Amino acid sequence: MSFTSRSPRVGEIDSKDYYFISKEKFEKLIQEDRFLEHAYFFGEYYGTSRDTVQELLEQGKNVILEIEVIGFWQIKRKIEDFVSIFIYPPSLEHLRERLVKRQTEDKENIDRRLKKAEEELKEIVHFKHTVLNDNIEQALLSLTQIITSEVGSD
Numbered sequence: 001m002s003f004t005s006r007s008p009r010v011g012e013i014d015s016k017d018y019y020f021i022s023k024e025k026f027e028k029l030i031q032e033d034r035f036l037e038h039a040y041f042f043g044e045y046y047g048t049s050r051d052t053v054q055e056l057l058e059q060g061k062n063v064i065l066e067i068e069v070i071g072f073w074q075i076k077r078k079i080e081d082f083v084s085i086f087i088y089p090p091s092l093e094h095l096r097e098r099l100v101k102r103q104t105e106d107k108e109n110i111d112r113r114l115k116k117a118e119e120e121l122k123e124i125v126h127f128k129h130t131v132l133n134d135n136i137e138q139a140l141l142s143l144t145q146i147i148t149s150e151v152g153s154d
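For the sequence shown, UniProt numbering assigns the number 1 to the initial residue and increments by one for each residue that follows.
Hints are computed from structural coordinates only; laboratory data are not their basis.
Please note that the accuracy of each hint is not assured.
[Unchecked claim] Derived DSSO-like pairs (lysine-lysine); straight-line CA-CA distance at most 27 Å:
hint: 1; residue 1: K78; residue 2: K101
hint: 2; residue 1: K128; residue 2: K78
hint: 3; residue 1: K122; residue 2: K76
hint: 4; residue 1: K115; residue 2: K76
hint: 5; residue 1: K76; residue 2: K28
hint: 6; residue 1: K61; residue 2: K128
hint: 7; residue 1: K23; residue 2: K76
hint: 8; residue 1: K28; residue 2: K16
hint: 9; residue 1: K116; residue 2: K78
hint: 10; residue 1: K128; residue 2: K116
hint: 11; residue 1: K23; residue 2: K116
hint: 12; residue 1: K116; residue 2: K25
Since the structure is predicted, the reported quantities are computational estimates derived from the model, not experimental observations.
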């Protein structure tokens, strides 16, 4: 489960979608090194609890994180054996259409997200696997095949 300093969007529930905390609390947790990875994105923090991931790994569970490229690099420096998958849109224009259709962002935020996506796409070569997110069923099948090949079908 990820932490964020942003306010919940319509329909989001604390402790289900994210742990919603204040910026001050988030910054305190950063100073205490409580995040496996974290990023500052459009004025808000996002991060993954180091303790939660460690607990799950100690229980023998596989952990899937949905993170930004900056988080990928932070984890790559800390954990030797992990599988990375870059999920990408068919085009930036297609991504723009998706963001507009969601109706959760204003034009300025959409433009910033697209600029960030363009930068992050340059990092795709550093990931072990890639998945084109053009068709949800096909993307899910590709993800399932990658995960099964990496960790088995337990």
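To see whether the hints hold, each was checked on the structure:
| no. | hint | in the structure |
| --- | --- | --- |
| 1 | K78 to K101 | violated, 37 Å |
| 2 | K128 to K78 | holds, 17 Å |
| 3 | K122 to K76 | holds, 17 Å |
| 4 | K115 to K76 | holds, 24 Å |
| 5 | K76 to K28 | holds, 23 Å |
| 6 | K61 to K128 | holds, 20 Å |
| 7 | K23 to K76 | holds, 25 Å |
| 8 | K28 to K16 | holds, 22 Å |
| 9 | K116 to K78 | holds, 24 Å |
| 10 | K128 to K116 | holds, 21 Å |
| 11 | K23 to K116 | holds, 22 Å |
| 12 | K116 to K25 | holds, 26 Å |
In summary, the one numbered hint that this structure violates is 1.
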